[in-house]
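Participant: Listed below, chain by chain, are the residues.
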Amino acid sequence: MKRILIGGIGNVLLGDDGVGPYVARLLAAHYEFEEGVEVIDLGTPALDLIDQLSANEAVILIDSVHADADPGTVLLYRKADIMRHAPSVRMDPHSPALVDALLSAELFGVAPADVLLVGIQGESFEPSCSLTKTVKASLDQLIAEVMSELDRLGVKHCRRNQPIDLGIWWASEEQLESPVAL
Amino acid sequence: MANRITIDPITRIEGHLRIDVEVDNNAVSNAWASCTMWRGIENILKGRDPRDAWLFTQRFCGVCTTVHAMASVRSVEDALKLQVPLNAQYIRNLILIAHALHDHIVHFYQLSALDWVDVLQIPKADIGATTKLAESISPWTRNSREEFQAAQDRVKAVAASGQLGIFMNGYWGHPAMRLSPEVNLLAFTHYVQALEYQRKALQVVGILGGKTPHIQNLTVGGVANAIDLDSTSALDMDKLEMIRELLSEVVRFVNEVYFIDVCAVASMYPDWFKIGKGVNNYLAVPDLPLDSAGSSYDLPGGYIMNGNIGGVHTFKTAADKDFRDGVSEDVAHAYYHGDKPLHPYKGVTDPDFTGWNGDQKYSWVKAPRFNGAPMQVGPLAQVLVGFAQGHALTKKYAVKAIDTIGAVGHFQVTPGMLESTLGRHGARAIRCAMLGELAQKHLGLLIDNVAKGDYSVHNVPVFPSGEVEGVGTHEAPRGTLSHWIVVKDGKIKNYQAVVPSTWNASPRDASGAHGPYEASLLHTPLAKPEEPLEVLRTIHSFDPCMACACHTFDASGRQIAKVKIL
Numbered sequence: 004m005k006r007i008l009i010g011g012i013g014n015v016l017l018g019d020d021g022v023g024p025y026v027a028r029l030l031a032a033h034y035e036f037e038e039g040v041e042v043i044d045l046g047t048p049a050l051d052l053i054d055q056l057s058a059n060e061a062v063i064l065i066d067s068v069h070a071d072a073d074p075g076t077v078l079l080y081r082k083a084d085i086m087r088h089a090p091s092v093r094m095d096p097h098s099p100a101l102v103d104a105l106l107s108a109e110l111f112g113v114a115p116a117d118v119l120l121v122g123i124q125g126e127s128f129e130p131s132c133s134l135t136k137t138v139k140a141s142l143d144q145l146i147a148e149v150m151s152e153l154d155r156l157g158v159k160h161c162r163r164n165q166p167i168d169l170g171i172w173w174a175s176e177e178q179l180e181s182p183v184a185l
Numbered sequence: 148m149a150n151r152i153t154i155d156p157i158t159r160i161e162g163h164l165r166i167d168v169e170v171d172n173n174a175v176s177n178a179w180a181s182c183t184m185w186r187g188i189e190n191i192l193k194g195r196d197p198r199d200a201w202l203f204t205q206r207f208c209g210v211c212t213t214v215h216a217m218a219s220v221r222s223v224e225d226a227l228k229l230q231v232p233l234n235a236q237y238i239r240n241l242i243l244i245a246h247a248l249h250d251h252i253v254h255f256y257q258l259s260a261l262d263w264v265d266v267l268q269i270p271k272a273d274i275g276a277t278t279k280l281a282e283s284i285s286p287w288t289r290n291s292r293e294e295f296q297a298a299q300d301r302v303k304a305v306a307a308s309g310q311l312g313i314f315m316n317g318y319w320g321h322p323a324m325r326l327s328p329e330v331n332l333l334a335f336t337h338y339v340q341a342l343e344y345q346r347k348a349l350q351v352v353g354i355l356g357g358k359t360p361h362i363q364n365l366t367v368g369g370v371a372n373a374i375d376l377d378s379t380s381a382l383d384m385d386k387l388e389m390i391r392e393l394l395s396e397v398v399r400f401v402n403e404v405y406f407i408d409v410c411a412v413a414s415m416y417p418d419w420f421k422i423g424k425g426v427n428n429y430l431a432v433p434d435l436p437l438d439s440a441g442s443s444y445d446l447p448g449g450y451i452m453n454g455n456i457g458g459v460h461t462f463k464t465a466a467d468k469d470f471r472d473g474v475s476e477d478v479a480h481a482y483y484h485g486d487k488p489l490h491p492y493k494g495v496t497d498p499d500f501t502g503w504n505g506d507q508k509y510s511w512v513k514a515p516r517f518n519g520a521p522m523q524v525g526p527l528a529q530v531l532v533g534f535a536q537g538h539a540l541t542k543k544y545a546v547k548a549i550d551t552i553g554a555v556g557h558f559q560v561t562p563g564m565l566e567s568t569l570g571r572h573g574a575r576a577i578r579c580a581m582l583g584e585l586a587q588k589h590l591g592l593l594i595d596n597v598a599k600g601d602y603s604v605h606n607v608p609v610f611p612s613g614e615v616e617g618v619g620t621h622e623a624p625r626g627t628l629s630h631w632i633v634v635k636d637g638k639i640k641n642y643q644a645v646v647p648s649t650w651n652a653s654p655r656d657a658s659g660a661h662g663p664y665e666a667s668l669l670h671t672p673l674a675k676p677e678e679p680l681e682v683l684r685t686i687h688s689f690d691p692c693m694a695c696a697c698h699t700f701d702a703s704g705r706q707i708a709k710v711k712i713l
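The listed protein sequences correspond, in order, to chains A and B. Convert by adding 3 to the 1-based position in the first sequence; the result is the number in our numbering. Convert by adding 147 to the 1-based position in the second sequence; the result is the number in our numbering.
Okay, chain B solo, but in the shape it has when bound (with noise of 0.2 Å):
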């Protein structure tokens, strides 16, 4: 007989997520996820003008703000066949970068790694030892014993003072936790560093944006920024300097303890990449555009099916037609009315609430598909596809990051093996390490520019009467996000946003295939059933982002359960 588990909610970045999982032997034998929330806010953007959305596009969500003002200016812009001027186009990437440095790294310290480090076995830990061991791995100058000492103290006087904070619900001495005292030391120590590099990568966001955490400097056809290569009030030499200064920090700390730390922590759990894979049709739009009409791209996108990397498909184009014919939406098993896939310059919001009833409907998400199938996306799809597709840049850290774990683990890894949920770590690994080698080029390719007396960030909307449609996508830290907005007379007639979270979280469809998060658990082992800490590292490698809600402080204290066992 199998045990339901109701896990409600995952995420430890804002809630709305519930994962149930029915357990038989020990392991996962079916699985559903749902969001416990409607949002509707698209239905807010009706009848307002085009040029204003990506302002209120951007309070979908706290974390997320900077990824939907972009999509939302360039579906605009898509909508009006309107270019982007070349500065434009450099500083966008530039903040788009910032801004997924900063998310990647937050990602695996603050919201992952203590799936895998257990912070109880920290007192343990020997600092010459963990020394060595750092030194041996990577050149990173922080690795010091002092920095190493502080870190150890620091956990040693949260035990002793059985306050545990932060650390409160952290499965510690669960059976899945294998790492030395050490390496989990050695984790840690970064876990407080990243603190630090993660705020720089804001600061570039900050600097080229006007101010986080909302970006101000976007306007549809371009940007705001004034670019004036002597004036302080300007975009000048001084702030591009220090726009240099800090990502070479940020940079360094990717590459020397990110990019390893990912490699360390999964040499020592082998069996994570046999576990996790679910859904293997992936997809990737291109994005960091290299000119003004976007026929370019720094990044690569196209989609595999099935797993057949040598069948890999190409899109051209961010809005290539491909994918804009492709994608529909299903509500068979989600909370809205609706009796077929719907495209989403038509799709329609009708909330239809029943309660959750895993036959029937149990999800607040929608059910987006590709050519009718599910999709998984994210930085995994990203760089399967650029692999596939033979893209230097996504080889180069892809083989890197495979040779590392290799040779710290003894074990062969193959890239089959990133279609896992460790996997997914590597792959969010290796695109960080490339977003960093690109955020430096594209810091260039704007310098250079505006060398040539190009200072051009704008090009005029212009609004016909009629109706006109666009889509504007964006390859996010957590994958495909596209907006897709329907014009009438210069006002927006329908809005939908299909966001990379609802992709990986989605529900079954009306033929009844899963979505990737729940396809990815099933026959995952569950060492102590009671204890769902492999339901959680699975969940949390595709980097949940459900929240685009409210954030109110919950005063009233009560302790909601956090896992319940049927």
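Chain A on its own, in the form it takes in the complex (with noise of 0.2 Å):
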């Protein structure tokens, strides 16, 4: 049994950087998945990210990047694309705990061989339960891509017939009333 974590990571509570989150609890709510594939909401992990990182052999990463792109992009990063990044913290609000709990489990030798960051873009950071409509047109691309990486590591997954419930407690009226189309 090959142990596989999906991880969305993010700040439910600012905007877009709830995208993570999220779509955790989207791909937990539509799908099931072979043994050994563990979805989680890491919210804003810091280094504590080495334990879920180490615990595994790949690793899927659901999180909002800052990029350059125009916002709703979807953009991914393997593991060698991450590392790349210096291990400083940066002066924009953005924590890179992931680069360097990424160097720190590669340091030790824990560190998983497939790392997946799937990103996206987001426009609005600003306090909110709620992602923006750009976010949220791109979210079946995201998934798509998150499946796609399954397939890649050969790991079994489908759509349940009947969805569970998704559990996103932070979220407004309005957006629970127009969920992502699936």
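Be careful, since some hints might not be right.
[To be verified] Restraint ranges, calculated between C-beta atoms of paired labels, are given here:
| hint | chain 1 | residue 1 | chain 2 | residue 2 | range |
| --- | --- | --- | --- | --- | --- |
| 1 | B | S291 | A | S127 | 51 to 61 Å |
| 2 | A | R87 | B | D300 | 18 to 28 Å |
| 3 | B | D506 | A | E41 | 50 to 60 Å |
[To be verified] Below, simulated SDA-like cross-link-like pairs (lysine to any residue); rule was C-alpha separation at most 25 Å, straight line:
| hint | chain 1 | residue 1 | chain 2 | residue 2 |
| --- | --- | --- | --- | --- |
| 4 | B | K358 | A | G39 |
| 5 | B | K508 | A | P130 |
| 6 | B | K358 | A | Y34 |
| 7 | B | K638 | B | G613 |
| 8 | B | K347 | A | R6 |
| 9 | A | K5 | B | R346 |
| 10 | B | K358 | A | I171 |
| 11 | B | K638 | A | E129 |
| 12 | B | K193 | A | W172 |
Bear in mind the hints are in silico, worked out from the structure with no lab data behind them. Positions of the beta carbon are idealized from the N, C-alpha and C atoms, including for glycine.
Bring the two chains, given one by one in their own frames, into a single complex with the hints.
Facilitator: Take a look at the structure:
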């Protein structure tokens, strides 16, 4: 049994930064995965992410990114792309704990062999419990990238006949009334 | 002519903190601490159900999730005068302790040790000498030649590859680095081992809290854990035994490794007991309640003004009237509108961004004050308050630390020397050892109480019509945390969180008084101002956590100036 982590990273109180936890819950509600796959809302981890990384052979992370791209653009980063970044903390409000955690895990020899960051360029990071329309419009594509990575890893997955409760407790009523088309 | 150095940001976990210092004759002559980002997350809570608030506050920060959840439920319970069943108190206490054990270990090894440990000296270490040194100071069985050799080989491989990875930004070879290659190797080996034990501490949080990083078991009025010693779907004897085993391993690591390493490193840097004192008003709240009403506690609270240890004041409860009445927030130098300090119940968060101006407004952090004075919070404050009150457990481990440092370093250590940069590290190790002992005590209390047949975990909250207000406090790993809630007709009318790093990273107030970070940096000598390692040492000793905000991956790859000299 392969141990695979699908983790959503972000702060659900800061607009599009909440995309990772949102997608993690969408995936858990709409899909079933083979044994060994864990889908987690990771929130905004710092170096404790090392523990999550080291416990798995492959990791797929979903997070908003700053990449000088148009809002809603889906961008993929492999392990080497992430580790190319300097581990210093940056001036902008977005912590590179992912970089630090991965570099540390690599140093200690416990990093997973496969890491894919499925990123999406956010539009608004103002305090809010909703995703912007722009980011929501790209969620299908984002989820398709996650599925295609699972295929590449040879991990079985299928749609649930009956989706389970999303459990998105933070969302506004307006947001829950117009869930993403899946 | 003074040079201005800007370090932005300084914390190794999550950004947002900026430090500006003026340097005159290779010493800091003036300092400003500022936060570069506005949060304003509290506004999201207005109008919501107070019973849900903890789910939201748990997302303030990715590192301090549990503490914000706990302070939140306590604030609502205080507003409703709602008691908490004994089992719930013990379960909460165990979660808080396990979280703190994890946090303190991570702080020392992952965030601070490399301010003192020069990784690139490790290849020069003699394995035999390292093993001998280790055996002379600790019974830790993993201080073996094999473990030291493996750690050294790992560093050699990294150094040879030229890809320093996580060590890319260290100030290696800095003249202020003074450990022998053997002590560097010893500390680094434990840095690797620490990963295993910090994970075990988190497992305890996970077993009791249902999940990490966000615990699921809290509820206003208690906890949602089902207790049944014979049912595997509830908190049963197997799980309690698992917790006991995990805690005993973590506690052994704390006592035989972390505590000893802090003392050993401190003994090699005696001058750092004279640097970094700063604001010597200290504040801590009582925590780890021992009864349902919250009238007795295992951790003492109170305050000390102007370093007058003998004149310590005591808080009888976690929401003591003196504390409740004494807190205000000043915005004279913060980017908010407002002309006078306000009590948190009346707190207003109305942004007025002007850009950084050291003489006027320069930070997004408000300036919390207690009876009008800046206060230092954190393990040092807690240890000093406990020591001053004659608290037996505090004295036990404070004396042990003082004796250990003195024995390894061959110099006399006095309690007053704790008021320093190294003293803050020492106090954190003292507190961590205290918490280790208390973890085992509270597990015993829980098991004994359940054995009596008490399975109660929750009292139901009832919201009155009209307005009530409450404060929930927690003596968190970084110090005094308080959540202030005003509830009107069952909905949240106002919510303010005054967090430990706000106390310590506070800007100046209207009277011009420096905050603790700022004051602690004054007169610090800098061996190489272009590599201000000494500033980092003092700031890191406070364990900053400014984050509590966005977490996105910066994929643009731009190299942002870490240190700028104007």
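Participant: It remains to establish, for every hint, whether it holds in the given structure.
Facilitator: Right, here's what the structure says about each hint:
1. S291/B / S127/A: 51 to 61 Å: holds, 54 Å
2. R87/A / D300/B: 18 to 28 Å: At 25 Å between Cβs, range holds.
3. D506/B / E41/A: 50 to 60 Å: About 53 Å separates the Cβ atoms of D506/B and E41/A, which means 50 to 60 Å holds.
4. K358/B / G39/A: At roughly 17 Å apart (the allowed maximum being 25 Å), G39/A and K358/B satisfy the hint.
5. K508/B / P130/A: Holds. K508/B to P130/A sits at ~23 Å (cutoff 25 Å).
6. K358/B / Y34/A: holds, 21 Å
7. K638/B / G613/B: This hinted pair holds, its Cα atoms lying about 10 Å apart.
8. K347/B / R6/A: holds, 19 Å
9. K5/A / R346/B: It holds: about 21 Å lies between the C-alpha atoms, which stays within 25 Å.
10. K358/B / I171/A: Roughly 16 Å between the alpha carbons, so the hint for K358/B and I171/A holds.
11. K638/B / E129/A: holds, 23 Å
12. K193/B / W172/A: Given pair K193/B, W172/A holds - Cα atoms ~16 Å apart, limit 25 Å.
Consistency with the previously given hints is maintained throughout, with no hint failing.
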